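K.L.:
Now for the letters of each chain:
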Amino acid sequence: MSNTCRFIENGETRAESDLSDLVWPNDPAAIPDWVYTDRRVYDLEQERIFRGRTWNYIALEVEVPNPGDFIRSYIGDMPIVVVRGQDGAINAFENRCAHRGVEFCKTYRGSAKQFVCPYHQWTYDLTGKLKSVPFRRGVQGQGGMPPDFKLEDHSLRRLSVTTRRGAIFASCADDMESLEDYLGPDMLDQYDTMFDGRPLKLLGIHRNVIPGNWKLYQENLKDPYHATLLHTYLTTFGLFVAGNKTLIVADEKGRHSSLCSRRPEGRLESDSNTSQIGSFHATMKLADPRVLELIKESDSPWNSNAITIWPNLIAIRQSNIFSIRHIVPMGPDEFMLIWVNFGFADDTPEMEAHRLRQNNIFGPGGFIGIDDNEAIKFVNDGLQRSQPRPGVVSLGRDDEPPETVITDRAIRGMYRHYREAMGL
Amino acid sequence: MSNLQVKPVTSETEKLMYDRAFLRELRHMVEDFNCDYADTLDRGEVEKWPDFFTDDGVYRLIARDNAESNLPLPLMYCDGKGMLKDRAYAIAHTEMFAPRYTMHQIAQVRILGFEDGIVSAQANYVLYETLIDEPTHLLQCGKYHDRFLLRGDRLLLKERNCIYDTLLIPTCIVFPP
Chain A
1 MSNTCRFIEN
11 GETRAESDLS
21 DLVWPNDPAA
31 IPDWVYTDRR
41 VYDLEQERIF
51 RGRTWNYIAL
61 EVEVPNPGDF
71 IRSYIGDMPI
81 VVVRGQDGAI
91 NAFENRCAHR
101 GVEFCKTYRG
111 SAKQFVCPYH
121 QWTYDLTGKL
131 KSVPFRRGVQ
141 GQGGMPPDFK
151 LEDHSLRRLS
161 VTTRRGAIFA
171 SCADDMESLE
181 DYLGPDMLDQ
191 YDTMFDGRPL
201 KLLGIHRNVI
211 PGNWKLYQEN
221 LKDPYHATLL
231 HTYLTTFGLF
241 VAGNKTLIVA
251 DEKGRHSSLC
261 SRRPEGRLES
271 DSNTSQIGSF
281 HATMKLADPR
291 VLELIKESDS
301 PWNSNAITIW
311 PNLIAIRQSN
321 IFSIRHIVPM
331 GPDEFMLIWV
341 NFGFADDTPE
351 MEAHRLRQNN
361 IFGPGGFIGI
371 DDNEAIKFVN
381 DGLQRSQPRP
391 GVVSLGRDDE
401 PPETVITDRA
411 IRGMYRHYRE
421 AMGL
Chain B
1 MSNLQVKPVT
11 SETEKLMYDR
21 AFLRELRHMV
31 EDFNCDYADT
41 LDRGEVEKWP
51 DFFTDDGVYR
61 LIARDNAESN
71 LPLPLMYCDG
81 KGMLKDRAYA
91 IAHTEMFAPR
101 YTMHQIAQVR
111 ILGFEDGIVS
121 AQANYVLYET
131 LIDEPTHLLQ
141 CGKYHDRFLL
151 RGDRLLLKER
161 NCIYDTLLIP
171 TCIVFPP
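As you go down the protein sequences, you meet chains A and B in turn.
According to the working numbering, the first sequence is numbered sequentially starting from 1.
According to the working numbering, the second sequence is numbered sequentially starting from 1.
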């Protein structure tokens with residue numbers, strides 16, 4: 001690869017803020033407010049987590065099918081460009097001109113032979129290598145860059161890239177372990193249930209902002225406790241109830257997790273667990289049941305996998321929905337979600353129509369997507385407006401069987417890893 | 001206006017005038033329809049929303065970026081009265097969200113065609129949202145691309161495609177634009 005400009009800081013070249021006033025509570029089930037509200041913590045997360053030793057989801061290969069195809073994307077809060085090079089390989093680099101810092105790529109997607117910064121027309125090839133600088137030698141012998149100016153020192157900062165079964169991940173670190181090792185065997189198995197090897201077909205993208213800290217979204221997917229209590233739609237129409245066969249798996253470090261569930265055959269008419277769920281209406285039926293219809297398309301024992309991959313990816317497989325949620329932090333109290341929904345290249349028109357109908361469940365206008373977004377905003381309202389008080393995640397035990405669902409085990413696991421990665 | 005001279009009109013001009021009057025009448029009907037539609041939703045009577053559609057009515061709320069990139073995914077999608085009713089039920093009874101007012105402003109209605117009892121029309125919409133202890137904010141602006149069934153003197157939506165410019169959605173969209 002000809003572009004050698006990289007991110008080398010990884011925490012080594014930056015002055016650290018004084019964080020000595022931030023003290024983690026002794027109780028391992030307590031989470032201090034400041035992890036969600038403090039700007040210094042947020043900045044440190046960008047450096048040690050998103051630009052540290054992590055694989056970050058950045059795109060699907062189907063979004064950049066041909067050489068020259070590109071999309072805008074993000075690692076943490078840093079804008080990047082993902083492009084397929086002339087050789088067919090995926091390149092990713094910072095969306096920031098090496099000259100004056102211009103965020104030069106301003107369209108969601110497109111196709112290009114090269115990238116030209118509009119300000120002074122510095123021109124980069126599809127690997128991010130600086131190819132030309134106008135008036136480099138000045139005009140009529142006057143002006144221009146100094147004689148020792150080297151193009152190769154001013155390329156776009158390039159990221160390490162890896163792919164697996166149609167998804168693209170990037171890292172600022174040069175020497176990351178493989179994605180497979182990063183996930184570990186159990187989570188790799190979950191990942192491969194989501195990306196089962198069939199070629200993908202992009203269905204479309206939703207984007208929204210949520211007032212709240214980005215970690216709250218990771219936690220939400222590691223929190224099976226809320227699923228049957230907040231999401232009345234699921235219980236009202238029998239899609240997910242406390243009696244479903246359910247499993248929570250995590251990697252060894254507690255970074256990644258998956259909540260797998262198998263819904264009962266037919267309609268759930270009675271269940272001893274539903275007595276505690278005020279919203280359960282055993283008689284409610286959809287006027288149009290096609291939305292919740294489960295069309296068998298894989299041999300997986302699970303109908304639903306809610307996968308979190310640290311730090312920025314939520315991958316959801318629910319019945320016939322396949323959906324990526326790309327978390328983009330935008331400050332301590334705001335983040336963007338990019339929902340990338342796909343089907344498969346061999347879908348019949350009927351199957352595609354079914355997926356589109358079923359996608360009403362999720363997204364920022366979804367039957368249960370709305371619940372989550374609102375709940376996180378409510379958490380943020382509480383954290384921002386009231387006096388600090390640690391949150392409580394004490395449900396369950398850390399050594400319980402994976403079938404235990406009324407538990408905060410996965411949230412505690414995430415924070416154990418978080419504290420280690422952050423040095424907090 | 002005593003000096004107004006009424007010229008004899010040719011039959012061709014007369015026909016044109018009738019056509020224009022008909023289109024004007026259709027535009028008024030669509031404007032009245034949109035007023036009712038907005039008022040019903042803005043009063044919070046979302047369970048009456050399906051009544052604005054035919055039994056096979058289709059509703060799509062879709063980002064302009066998806067629409068222009070030939071990506072079919074809507075944010076809300078109802079294919080027929082059953083799905084419209086299920087969406088309205090979910091909003092009224094199962095979704096958890098902060099109480100809010102919505103305010104539609106629908107303008108620039110244009111009649112694009114009339115064929116076989118189907119009126120094709122478009123309009124611009126702006127949707128404001130007000131939550132407690134927060135300033136009113138712009139939730140969406142976009143365009144309706146509509147097909148109405150004209151039955152007697154009444155219109156019903158056979159299809160409403162809301163194509164929104166406001167790609168980055170603030171938190172969520174609860175009530176249908």
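Source of the hints: derived by calculation from the structure; they are not laboratory data.
Just so you know, not all the hints are guaranteed correct.
[Claimed, not checked] Lysine to any residue pairs mimicking SDA-like chemistry, simulated, CA-CA at most 25 angstroms apart: (1) A/Lys106 to A/Thr123; (2) B/Lys85 to A/Glu293; (3) A/Lys106 to B/Lys85.
[As the list claims (entries may be wrong)] Sample of chain B residues at the chain A side, in silico, Cβ under 7 angstroms: (4) Ser11; (5) Leu26; (6) Met29; (7) Leu41; (8) Asn70; (9) Lys85; (10) Ala90; (11) Glu95; (12) Phe97; (13) Tyr144.
Just so you know, these numbers come straight off a predicted model, no measurement behind them.
We put the beta carbon where it would ideally sit given N, CA and C, even for glycine.
K.L.:
Hint by hint, say whether it matches the structure.
P.N.:
We went through each hint and held it up to the structure:
Of the pairs offered as hints, the one joining lysine 106 of chain A and threonine 123 of chain A holds, with about 15 angstroms between alpha carbons and a cut-off of 25 angstroms not exceeded. Taking the CA atoms of lysine 85 of chain B and glutamate 293 of chain A, the gap is about 17 angstroms. The hint holds against a cut of 25 angstroms. The hinted pair formed by lysine 106 of chain A and lysine 85 of chain B fails the criterion: a straight-line CA distance of about 40 angstroms is larger than 25 angstroms. Violation of the interface hint for serine 11 of chain B is found here, the shortest Cβ-Cβ separation to chain A being roughly 49 angstroms, above the 7 angstroms cut-off.
Violation of the interface hint for leucine 26 of chain B is found here, the shortest Cβ-Cβ separation to chain A being roughly 30 angstroms, above the 7 angstroms cut-off. Given the 7 angstroms rule on beta carbons, the hint for methionine 29 of chain B is violated: about 28 angstroms separates it from the nearest Cβ of chain A. For leucine 41 of chain B, the interface hint is violated, since its Cβ never comes within 7 angstroms of a Cβ in chain A; the closest pair sits about 14 angstroms apart. Because the smallest distance between the Cβ of asparagine 70 of chain B and any Cβ of chain A comes to about 9 angstroms, over 7 angstroms, the interface hint for this residue is violated.
The criterion of a C-beta within 7 angstroms of any C-beta in chain A is met by lysine 85 of chain B, whose closest approach is roughly 5 angstroms, and the hint holds. At about 5 angstroms, the closest approach between the beta carbon of alanine 90 of chain B and any beta carbon in chain A falls short of 7 angstroms, and the interface hint on this residue holds. Contact between glutamate 95 of chain B and chain A, as hinted, is supported at the beta carbon level, the nearest pair being about 5 angstroms apart and thus within 7 angstroms. Residue-level restraint check for phenylalanine 97 of chain B holds (minimum Cβ-Cβ distance to chain A is 5 angstroms; threshold 7 angstroms).
Given hint, tyrosine 144 of chain B at the interface with chain A, is violated; its Cβ is 16 angstroms from that chain's nearest Cβ, farther than 7 angstroms.
This entry does not satisfy hints 3, 4, 5, 6, 7, 8 and 13, going by the numbered hints stated previously.
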